[in-house]
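Number of protein chains: 4
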Amino acid sequence: MEFGSDNNAGAAPEIIAAIGKANDGPSPSYGSDPIMDRVRDRIRALFEAPEAAVYLVGTGTAANALSLSVNCAPWGTVYCHPNAHAETDECGAPEFYIGGGKLKLVAGGHGKMTPDALAAAISDTPQGDVHAPQRGMVTLTNLTEAGTAYSPAEVAALTGVARKFALPVHMDGSRFANAIMATGSTPADMTWRAGIDILSFGGTKNGCLGVEAVVIFDPAKAWEFELRRKRGGHLFSKHRYLSAQIEAYLDGGLWLRLAAHANEKAKRLADGIAALPHVDFIHPPAANMLFVSMARAIHRRALQSGAHYYLHPFAASLDGLDDERLDARLVCSWCTTDKEVDSFLELIRDQG
Amino acid sequence: MEFGSDNNAGAAPEIIAAIGKANDGPSPSYGSDPIMDRVRDRIRALFEAPEAAVYLVGTGTAANALSLSVNCAPWGTVYCHPNAHAETDECGAPEFYIGGGKLKLVAGGHGKMTPDALAAAISDTPQGDVHAPQRGMVTLTNLTEAGTAYSPAEVAALTGVARKFALPVHMDGSRFANAIMATGSTPADMTWRAGIDILSFGGTKNGCLGVEAVVIFDPAKAWEFELRRKRGGHLFSKHRYLSAQIEAYLDGGLWLRLAAHANEKAKRLADGIAALPHVDFIHPPAANMLFVSMARAIHRRALQSGAHYYLHPFAASLDGLDDERLDARLVCSWCTTDKEVDSFLELIRDQG
Amino acid sequence: MEFGSDNNAGAAPEIIAAIGKANDGPSPSYGSDPIMDRVRDRIRALFEAPEAAVYLVGTGTAANALSLSVNCAPWGTVYCHPNAHAETDECGAPEFYIGGGKLKLVAGGHGKMTPDALAAAISDTPQGDVHAPQRGMVTLTNLTEAGTAYSPAEVAALTGVARKFALPVHMDGSRFANAIMATGSTPADMTWRAGIDILSFGGTKNGCLGVEAVVIFDPAKAWEFELRRKRGGHLFSKHRYLSAQIEAYLDGGLWLRLAAHANEKAKRLADGIAALPHVDFIHPPAANMLFVSMARAIHRRALQSGAHYYLHPFAASLDGLDDERLDARLVCSWCTTDKEVDSFLELIRDQG
Amino acid sequence: MEFGSDNNAGAAPEIIAAIGKANDGPSPSYGSDPIMDRVRDRIRALFEAPEAAVYLVGTGTAANALSLSVNCAPWGTVYCHPNAHAETDECGAPEFYIGGGKLKLVAGGHGKMTPDALAAAISDTPQGDVHAPQRGMVTLTNLTEAGTAYSPAEVAALTGVARKFALPVHMDGSRFANAIMATGSTPADMTWRAGIDILSFGGTKNGCLGVEAVVIFDPAKAWEFELRRKRGGHLFSKHRYLSAQIEAYLDGGLWLRLAAHANEKAKRLADGIAALPHVDFIHPPAANMLFVSMARAIHRRALQSGAHYYLHPFAASLDGLDDERLDARLVCSWCTTDKEVDSFLELIRDQG
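Residue numbers (the working numbering), protein chains in the order written: chain F, 1 to 352; chain C, 353 to 704; chain G, 705 to 1056; chain Z, 1057 to 1408.
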């Protein structure tokens, strides 16, 4: 009963197999491998973006921080949701890579910035006033950290605001596949057609070992990205093992099948929870992450009976009043089973 | 006939197998995996350093730059050999991670700093003068970039100089295994017993997919290292796949066997070359990298007949006078074969 | 009728005279001038802090950013009020000098953080979680940017919270003299006795040409401060002209007399405004800055009749409905005259 | 007998007077003062560069580091002479402001890079190789740190090399006036006509209190410079006192008269020294700085009899063999007197 994180899941067998298959003698290093050539073509085709620059890195934090650093000057302001990974979970990587930028938080329910709040936050940053940090760029997360999904129209509404202020927009897609499956949109519709300039296209959480693609729709920043990647220590010498993961990930739509699986298990879980009057959803279920609130006693029973997931905030304690309500995040992955879901539902079925 | 780089080699089958074996259901993420617990113990035992802090990252540049950043203030000077990877091949990663440090080059033949040159370079940095960059730390590379190996005594001579000035010392051991095999020393004798404070213990070049261990002999800097690793985007979520590589790498002395293989093939190659009066060694052969000088016509023949290796400098051209001499680096790896060696020797046997 | 900023005021004649007097032949440079020796002693005596380190720089932004950089790691969080100069008016200097830190805003009325809000903000920063930016330090501004003054007891309440979390505290005292006069406290009571670790002790706004002293009560960080000052380009070669300003500033209590003057003129202005029912105070008057709200028509009349001050926000326009209320800041300086005050009061006396 | 540094000299009376004159009531702050408007026009006229952007800062290190930071990417290489101030005397300010750049030293006698050495150094930096730091920019110092002066033709030879590689060129002109007087060239001929893109135009060493102008001949970088200046804490609130210094400095050619005075006194000193067979010039005298070598006993006598100057290196000691030769730098300033020169010559006249 693993609902802690899609990072706790292993890798899909197809990905592991691809690693082994790529291990076939010498190969050019540092991104010159022929698999990367195929990956680049494949991603360009998938995103209907024949000019896009495509780069691979090992972690989502690297993908995000590098993406921000090529789009935001050191004195720039990055607009993001208060629970963006870049704000809360990267130990200041954006500020480090940008060279001292500032993240400005843009409110909005269920993990989504609203266009009005974004417009207000940008307007609130003085334009052309040398004393203040300047307007920089926007980053939004899809799938959001609340488990909800921006539709392409919602993305376009935000990028429209950014465009009005001539700001570029990054999408943190560490769970991009889950968002695509949740919305039924195409990669192109969700990104550049909706105004996205640069995308962190996640692989790790959705069944890879450790690889994220950065897709730069306007390749003018490509060389700078390469330099920053190298300088950040994120250019892999035996790069083919990153390429091989992404190739297998895209092959035959595996990335979508894995995400569909995760979303479906979460749907099964959500349906079960919806039938339990003593468990509430904090955010509306949409993809593979659920946020629920229930009594401490139920959490205690579930966690002590073998379920694994995280309370929110992390500091929340199982010690305390039985009927005090505690929040939790439940994440399904590409390998969550019906049995896990059903066993968990069984554990939380009863209020007492 | 692959002699371009040990980065062009694939991964050892044992390492690939370990990746697959680690893929067995959910596992704690971000370095909390049980394999990492075993790796930490194993490395501590191997280095006879029960207090050492051990961390894994994906690239050698990350290992080096992070190691330097925890030992050198932004205004510090890093003393290194002119052909140190940190100076020539990391696109300024040390300066980026340190926050603006300065690398000061310390001369010495065959890739080795001499203690006198090091003492002079440090002395030449004014002590306590606020106007000048300050003395910071020393980094040395073993196996050196010239393919030679510092003995523990040579390392101790350099760290002795550093110690006299109260400076910490880092060892870039991206080819540590080759140096250990070349010198017959133990990991402890080569590092902390010889005065090394922090080691980049390479795995990638010697048969791993992409993993380097950082071994911090004085663990006072451990937490800062963790923060810098995360902030640099180098903390892997599915960390077990790094851990698994290192575990297999150490298991049964695989790391030494792989390096022994590479060194032996280079020895076979060196012996063959020594018999050819028209090919000269630029640096004395010691481990798995040879540096040779021979006529352009011979290079042309070799490279056009299927041998792969790099001329030095990279800009050197096959176009030009036949008998002009060009330098080249020849690298053997864990999977170089006798046949490759012998075929190459055949190609360069004749002067004409 | 200059109420725009105490930065628009000139320098006190005593300060100008001191510059001329210091211009008496050769003098050691870069802070080794004998005037600086006297200044150091004088400031130590004034603050009853015989061990304090004292440094001079040319701007308040430099004083603040350098002070923060020696107390906060690159991954640290600086807790400050939303309208702190460091947040709004330094173009990201803190983040630049810190090497990428994060400013976290702590709410509170009238420019003052509340201890509860501070405790909550610090608590809200996860402790020891490598994924998140870490707890770093606290900076508070006294006189506040709302023109109010923290009492020593209020300062101590905030530093008490910081101390509970083992965080150092900086005071931005660009208007320190005005705060001292407003509260009637001593420099020692307002700073180290109230738990302040490092102070930007302003001179420029209160009658100097361009000089701020940084007073470090625990001198352990002194050498690092010196290096960062030099490296930031803030160590003046002809340093004696900074020293001379501060010497004259302290001589015979000039700094207090100048601040008393500014505060008294603001009091006269506040008393006049209090009698006008159509003008409201946004923040309670306390020292030399007033924040008022009145109808656009009145602003228009005042500004077009020769008064100079700034609307809030800067983007506010005189074009618009006559009776819409606009906010403004009114600053008195060491050289504001009764006539200026009275003329301005005359301009805004009538509502129509 | 002050020959230690032109930084030890005071300020010219005209400059002091201008400070007092600028102190005439309120004035717009942060560079919006009307004196600055006149200064900008004056400098544009002086340099025959009507489009140039002009900014003032308080120190030479700030002028240099900011100038480099707008012309060099964080991964760029700055080519400079080994004794450039940026390399030896700024505690890493260039690397700090650039965000981690690398200074590469270009040899040349008497403080001057040679075009061939510059071309070799740039060529030696691999072009378009992501692994290595990139080519960035060139900075040269005129007057050089060896007291020699590049002629406009010599400057053009160096900028010609830079231009061939498409690199911008900065001139550190902390003693620009001395170089202009030494060469008899015009400001325009010495700078943009000779291919200089950005100039640190020194005031402090030549009779100001503390002000340097940065002249950006291509104003495309102007706004970035303004942001970096603010962010570095180098935008003065009471900016008029910087403006007033420069206005007086330029007024009636004061800057040239002051430099002419310094150069003439150095000429008198050099002529006297040339007649002493036991004193050698290390660098050929050209402007206001002389570098000489003479026996320790003579240094001892001179320094102990009231002369003030610095031995090279700073660590050199008066204790030791009498007839061992020690190097020294002798600097004349705008206020050096014939009497100082003659008294010093008297002190070193005799060998014994």
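If you're looking for bench data, these hints aren't it; they were derived computationally from the structure. A hint or two may mislead.
What the hints assert, rightly or not - Below, simulated SDA-like cross-link-like pairs (lysine to any residue); rule was C-alpha separation at most 25 Å, straight line: (1) Lys-456/C x Ala-1173/Z; (2) Lys-516/C x Ala-1173/Z; (3) Lys-1160/Z x Ala-1176/Z; (4) Lys-267/F x Pro-313/F.
Claimed, not checked - Ranges between beta-carbon positions, derived for each pair: (5) Glu-1380/Z x Phe-869/G: 55 to 63 Å; (6) Ala-518/C x Asp-1378/Z: 30 to 38 Å; (7) Asp-1307/Z x Gly-1010/G: 28 to 36 Å; (8) Gly-1010/G x Asp-1394/Z: 49 to 57 Å; (9) Glu-224/F x Gln-479/C: 33 to 41 Å; (10) Glu-1380/Z x Ala-397/C: 34 to 42 Å; (11) Pro-636/C x Arg-1357/Z: 47 to 55 Å; (12) Gly-1309/Z x Ala-1020/G: 41 to 49 Å; (13) Glu-698/C x Thr-186/F: 36 to 44 Å.
As the list claims (entries may be wrong) - Per the computed footprint, the stretches of chain G lying under chain F, defined by three or more beta-carbons under 8 Å from a beta-carbon of chain F, are: (14) 825-839; (15) 996-1007.
No residue lacks a Cβ here, since even glycine has one placed at the ideal position from N, Cα and C.
Now the hints, each set against the structure:
Taken as a hint, the Lys-456/C and Ala-1173/Z pair is honoured in the structure, with Cα atoms around 19 Å apart against an allowance of 25 Å. Annotation: proposed proximity of Lys-516/C to Ala-1173/Z is violated, straight-line Cα distance about 35 Å (limit 25 Å). In summary, the hint linking Lys-1160/Z to Ala-1176/Z is supported, as the alpha carbons are separated by about 11 Å, within the 25 Å threshold. Only pairs whose Cα atoms come within 25 Å are accepted, and Lys-267/F paired with Pro-313/F is accepted, the gap being roughly 24 Å.
Separated by about 59 Å at the C-beta atoms, Glu-1380/Z and Phe-869/G satisfy the suggested range of 55 to 63 Å. Remark: the range hint 30 to 38 Å for Ala-518/C to Asp-1378/Z is upheld by a beta-carbon distance near 35 Å. Distance hint check for Asp-1307/Z and Gly-1010/G: the Cβ-Cβ separation is about 31 Å, which falls inside the suggested range of 28 to 36 Å. The supplied range of 49 to 57 Å is met by Gly-1010/G and Asp-1394/Z, whose beta-carbon atoms lie about 54 Å from each other.
The hinted window of 33 to 41 Å between Glu-224/F and Gln-479/C holds, with their beta carbons roughly 38 Å apart. Taking 34 to 42 Å as the suggested C-beta distance range, the pair Glu-1380/Z and Ala-397/C does not conform, at roughly 56 Å. Pro-636/C and Arg-1357/Z have their C-beta atoms about 54 Å apart, which keeps the hinted 47 to 55 Å range intact. One distance hint, 41 to 49 Å for the beta-carbon pair Gly-1309/Z and Ala-1020/G, holds here, with the actual separation near 46 Å.
Separated by about 55 Å at the C-beta atoms, Glu-698/C and Thr-186/F break the suggested range of 36 to 44 Å. With 7 residues carrying a beta carbon less than 8 Å from a beta carbon of chain F, the region 825-839 of chain G meets the three-residue requirement, and the given coverage holds. Restraint check on the region 996-1007 of chain G versus chain F: 0 residues with Cβ-Cβ distances below 8 Å, three needed, restraint violated.
Hint compliance for this structure: hints 2, 10, 13 and 15 are not met, and every other hint is.
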